[in-house]
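So the sequences go chain by chain: A and B. In terms of the working numbering, the first sequence opens at residue 1 and continues consecutively. In terms of the working numbering, the second sequence opens at residue 1 and continues consecutively.
Hints were generated in silico from the structure; no laboratory data involved. Don't be surprised by glycine CBs; every beta carbon is placed ideally from N, CA and C. Misleading hints may appear alongside valid ones.
[Claimed, not checked] Estimated spans, in silico, between C-beta atoms of each pair:
# : chain 1 : residue 1 : chain 2 : residue 2 : range
1 : B       : G176      : A       : Q50       : 43 to 51 Å
2 : B       : E420      : A       : S34       : 58 to 66 Å
3 : A       : Q153      : B       : A183      : 32 to 40 Å
4 : A       : A285      : B       : A468      : 38 to 46 Å
5 : B       : S375      : A       : L17       : 38 to 46 Å
6 : A       : F112      : B       : T487      : 56 to 64 Å
7 : A       : Q50       : B       : D230      : 37 to 45 Å
8 : B       : N287      : A       : S152      : 31 to 39 Å
[What the hints assert, rightly or not] Lysine to aspartate or glutamate pairs mimicking EDC-like chemistry, simulated, CA-CA at most 20 Å apart:
#  : chain 1 : residue 1 : chain 2 : residue 2
9  : A       : K72       : B       : E470
10 : B       : K320      : A       : D69
11 : A       : K268      : B       : D398
12 : A       : K268      : B       : E217
13 : B       : K313      : B       : E217
14 : B       : K93       : B       : D126
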Amino acid sequence: MKKSNVVKYNKWGYIFLIPFLTVYGIFQLVPLISTVYNSFFENYRSGLTQIGPNFIGVQNYISIFSTGDLWKYFGNTMIMWVLGFVPQILISLLLGAWFSDPSLRLKCQRFFKTVIYMPNLIMASAFAMLFFTLFATTGPINSILQQLGIISQPYEFMNHVGSVRGLVAAMNCLMWFGNTTILLMAGMMGIDPSLFEAASVDGATATQTFFKITLPLLKPILIYVMITSLIGGLQMFDVPQILTNGTGDPMRTSMTLIMYLNKHLFSKNYGIGGALSVFLFIITAILSIIIFRFSGNRDAVQKKAK
Amino acid sequence: MKKKVVSAMLSAVMAAGMLAGCGEAQVQQVAEAVQEAAQEVEKEAQETTAAAADTAQEAVSEAVEEVEDAVEEASAGGEGQVLNIYCWNEEFKSRVTDHYPGYTEVDGTHGTIGDVQVVWNITPSDDNAYQNNLDENLLKQADAAADDKIDLFLVEADYALKYVDTEYAMALADLGITDADVADQYEYTQSIVTDSNGNLKGSSWQACSAGLIYNREAAKEVIGSDDPADVQAAVADWAKFSETAKAAAAKGYKMCSVNDTYRVYSNNVSGKWVQDGAVVIDPNMENWVNDSMDLVQAGAENTYELWGDDWAKGKTPEGKIFCYFGPAWFFNFCLDFGQEGTIATDGGWGFCEGPQSYFWGGTWICAAAGTDNASLVKDIILTMTTDPAVLKEIAIADQDCVNSKTVLAELAASDEGNIELLGGQNPYAELAAGAEGIDLSNLSSYDQGCNEEFQAAMKNYFDGNASADEALAQFYTAIGEKYPELTVG
Chain A
1 MKKSNVVKYN
11 KWGYIFLIPF
21 LTVYGIFQLV
31 PLISTVYNSF
41 FENYRSGLTQ
51 IGPNFIGVQN
61 YISIFSTGDL
71 WKYFGNTMIM
81 WVLGFVPQIL
91 ISLLLGAWFS
101 DPSLRLKCQR
111 FFKTVIYMPN
121 LIMASAFAML
131 FFTLFATTGP
141 INSILQQLGI
151 ISQPYEFMNH
161 VGSVRGLVAA
171 MNCLMWFGNT
181 TILLMAGMMG
191 IDPSLFEAAS
201 VDGATATQTF
211 FKITLPLLKP
221 ILIYVMITSL
231 IGGLQMFDVP
241 QILTNGTGDP
251 MRTSMTLIMY
261 LNKHLFSKNY
271 GIGGALSVFL
281 FIITAILSII
291 IFRFSGNRDA
301 VQKKAK
Chain B
1 MKKKVVSAML
11 SAVMAAGMLA
21 GCGEAQVQQV
31 AEAVQEAAQE
41 VEKEAQETTA
51 AAADTAQEAV
61 SEAVEEVEDA
71 VEEASAGGEG
81 QVLNIYCWNE
91 EFKSRVTDHY
101 PGYTEVDGTH
111 GTIGDVQVVW
121 NITPSDDNAY
131 QNNLDENLLK
141 QADAAADDKI
151 DLFLVEADYA
161 LKYVDTEYAM
171 ALADLGITDA
181 DVADQYEYTQ
191 SIVTDSNGNL
201 KGSSWQACSA
211 GLIYNREAAK
221 EVIGSDDPAD
231 VQAAVADWAK
241 FSETAKAAAA
251 KGYKMCSVND
261 TYRVYSNNVS
271 GKWVQDGAVV
281 IDPNMENWVN
291 DSMDLVQAGA
301 ENTYELWGDD
311 WAKGKTPEGK
321 IFCYFGPAWF
331 FNFCLDFGQE
341 GTIATDGGWG
351 FCEGPQSYFW
361 GGTWICAAAG
371 TDNASLVKDI
381 ILTMTTDPAV
391 LKEIAIADQD
401 CVNSKTVLAE
411 LAASDEGNIE
421 LLGGQNPYAE
431 LAAGAEGIDL
441 SNLSSYDQGC
451 NEEFQAAMKN
461 YFDGNASADE
471 ALAQFYTAIG
481 EKYPELTVG
C-alpha cells in the first residue's frame, strides 16, 4: 500500500521536471550538440557569398592549435581572471565576516549590502565605456593626476599591458565583489552560532575564530563561488571587448578566448567558432574538476575512507 | 426614390475615395469601378419602377462591395505602403528631412512621404554591426513580406563593391534612371558603385574629395601665416609636411593623428590590397608606417584612434592640434560647429589641398533588388543626387561638397560658397579640382577590413609595444580571421 503511494508521488516529480527538461533540451542541449557538429565543417561567408558547409574532419581543430595563439589568449584570460578574483574574494571574505558578526552591531547593514551590489546592476558594457572615458589619455583621471603633480605627462593607460589588464581586472572585481559577499555571507550565517559562542568562551580571538571556524566550514560555498567565478572568468568578453575596442591591444595581450571567438564571427565562421567553443568547453570542465578535487571533495574522500 | 439612389451612389463614391490609396493608378482603377457601379445602378433604377426601391438598394450595396474589391486589388497591384531604408547614422535621414519635398518626420525612426510610411533602420557601423544586419536582411529579402523588404540601403566606398557586385543591388537603369540623368556627377562617384559588368548600381549626393583642414591660430604661430596658399606651400609634399609637423611640435602642437594621414597614403597606392587571393602590402603603405613612426618618435603626431574622445579634443583650442584631414562633410559633421568653445564656432579653421589628393567616405544610395516601391525609390535617388536645386540647397545648408559639377562651379564663383567655420574661405574650387582628379582603379572589396586591421596593428608599433615585424604579423593574423579564404603573410 505504502510502496504504491511512493510510486504515485514519484510520477509527479517527473512531471514537474518536464518544463526544465524541455527548456534545457531546446536552449542548451541542442545548441551544444550542434556546436560540436558544426566544428567539423568548413562553413563561412565571404562578403555575401556563403562557403560550405563542407565536411573537413578535424581540420578546424588543427588550424586553431597550429598557430599557438590559442594558448596566448587562454593565458590572457586566466591572468585577468586571477588578477580580479584574488582581491575580490579577499574583500568579500572580510565584508562577509563583518556583516555576519553580530557582536559588531553594524548599523545600516541593509543599505551597505545594497550599495556593494549596485555595480553588478550596471551593464558591463556601460561600465567599460565609463572606464574607457575616465582613463583616456586626455580623460579626467589623467588630468587629476597631472593637476595633483603626481605625473607630468599623461599616462597612456590603454597602451600598456599592465594598465589595460589591471583595468579589466579592477572592473570585474568591482562588479562582482558584492555578489560574492552576499553568497559568502549566506554561508557564514548558516554556521551554527553555538560554535562561535564556544570559541569565545574558550578565549579565541576574532582572527582565530575566522581562520579555525568560519573558513573551514565555509568551504562548500567557497568552492561554489570559485567554480562559478572561474566559468564566468573564462567567458570574459564584454569588459575587455569594449575597453579595447575589440582589438585586445596592446598586441592582443588583453584578448580573451571569447574575444578571439568573436573575431571569427566577422566572417560567420561557424566551423572555427565551433571548434573554439568545444575547446573552451573541455578546458572549463577540466579546470572545474581540478578545483573540485583539490579543495572540495577531501571530506567526501575521507568519509569514504572511513 | 431617385433621391435615395443618388445618395447611395454618393456614399459609394465617398467610401471609394476613403478606401483608395494615393497612387494615380489606384485612383484611376477606383474611378473606373465606381463609374461601372454607377451605371449599373442607373440602369436598374431606370428599369425598375418606384416600387422596386429595395432591389435598387441591393444593387447599390453590391456595387459598393465591388468598389471595395477593386480598391483592394488596386492597392495590391500598386506600390507598397512602407519604405524601408537601411543606414548607419542620421546623415541621410537629416538630408531627406530637410531637402526632400513632401517628407514629414513622425519620430526618430519614422516619417511619411504622402501616404507611404518611411521606416529608418539605423544600425551603427561599429564592429561591423551595420553590414551584419544588412547582410542578414538582404539574404532574407526574397522571402520577406512586401512591407518588410528593404527598399533603399546606403553603402560606403570602403565596402561598396561587396554589395554592388551582387544581385542584391538593383541597376539604376532598371529603375529607369538614364546616363543622362547622372551626367553631371563626378566620374569617381560612379566608378565606385559600378559592378563588374559595367552596370551603375548606386548614386551619391556627395563628392568627397578631401584635403587638409588646419587650425588658423596654429598656422600663424608655426608658419607665420594662415593664408591657404602659404599653408599649402608648407605641406606640399610629405617631406615638407614632416618638417612643418616637427616645427609645430616645437611650438607645443601635435600635427594630427597617424590615423588622420592614413587615408591620404592608402588612396595613393599602386595596387590593390588583395591580388590573386593574397594580401599585398603596397610600398606607399610602408611609407605611411615609416613616416608616421618618425613623426611619432619626434613627438609631432599622436596615435589616437579616429572618432575617439582624445582625438576629438583637437576641435577645441586646448586640444593643440595643427590639422585634421577631411573632406567637406567633415566641416559640417565633425567639427562641432555651433558648440561653445570650439575652433569651428570661432571660424578658426582653414582649408588647403594637402600633400596628396585623396577622397574620404561619401555615402551611396542603392536600391535593393525586390523593392516594392520602385517609383518612389527612383524619385528619391533622382531628387537627392541629381536635382541641381536640391543639391545646391544641401551644399549651402550643410556644407556638403555635392556631386554636381555645375553646382560646385557656381558655388566656387559666388559668395554662397563661403564657409563660416573656415573663416569665410571658399573651398569649392579646390574641392572640385580634387574630385576630378581622383583615381579609383585600386579599390577592392576587402578594403575596409584591410584598412582597419592595418591601422589597428600598426598602432602597436607606433606606441612602442611591438616591432614593425610583430605588428605586421598581427595584421596578417587578423586578416586571416576576417577573410579565411585569403592567403596571408
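Checked hints:
{"no.": "1", "hint": "G176(B) x Q50(A): 43 to 51 Å", "verdict": "violated, 32 Å"}
{"no.": "2", "hint": "E420(B) x S34(A): 58 to 66 Å", "verdict": "holds, 59 Å"}
{"no.": "3", "hint": "Q153(A) x A183(B): 32 to 40 Å", "verdict": "violated, 56 Å"}
{"no.": "4", "hint": "A285(A) x A468(B): 38 to 46 Å", "verdict": "holds, 41 Å"}
{"no.": "5", "hint": "S375(B) x L17(A): 38 to 46 Å", "verdict": "violated, 59 Å"}
{"no.": "6", "hint": "F112(A) x T487(B): 56 to 64 Å", "verdict": "holds, 59 Å"}
{"no.": "7", "hint": "Q50(A) x D230(B): 37 to 45 Å", "verdict": "violated, 56 Å"}
{"no.": "8", "hint": "N287(B) x S152(A): 31 to 39 Å", "verdict": "holds, 34 Å"}
{"no.": "9", "hint": "K72(A) x E470(B)", "verdict": "holds, 15 Å"}
{"no.": "10", "hint": "K320(B) x D69(A)", "verdict": "violated, 40 Å"}
{"no.": "11", "hint": "K268(A) x D398(B)", "verdict": "violated, 38 Å"}
{"no.": "12", "hint": "K268(A) x E217(B)", "verdict": "violated, 49 Å"}
{"no.": "13", "hint": "K313(B) x E217(B)", "verdict": "holds, 16 Å"}
{"no.": "14", "hint": "K93(B) x D126(B)", "verdict": "holds, 19 Å"}
Going down the numbered hints, you'll see the structure goes against 1, 3, 5, 7, 10, 11, 12, while the others check out.
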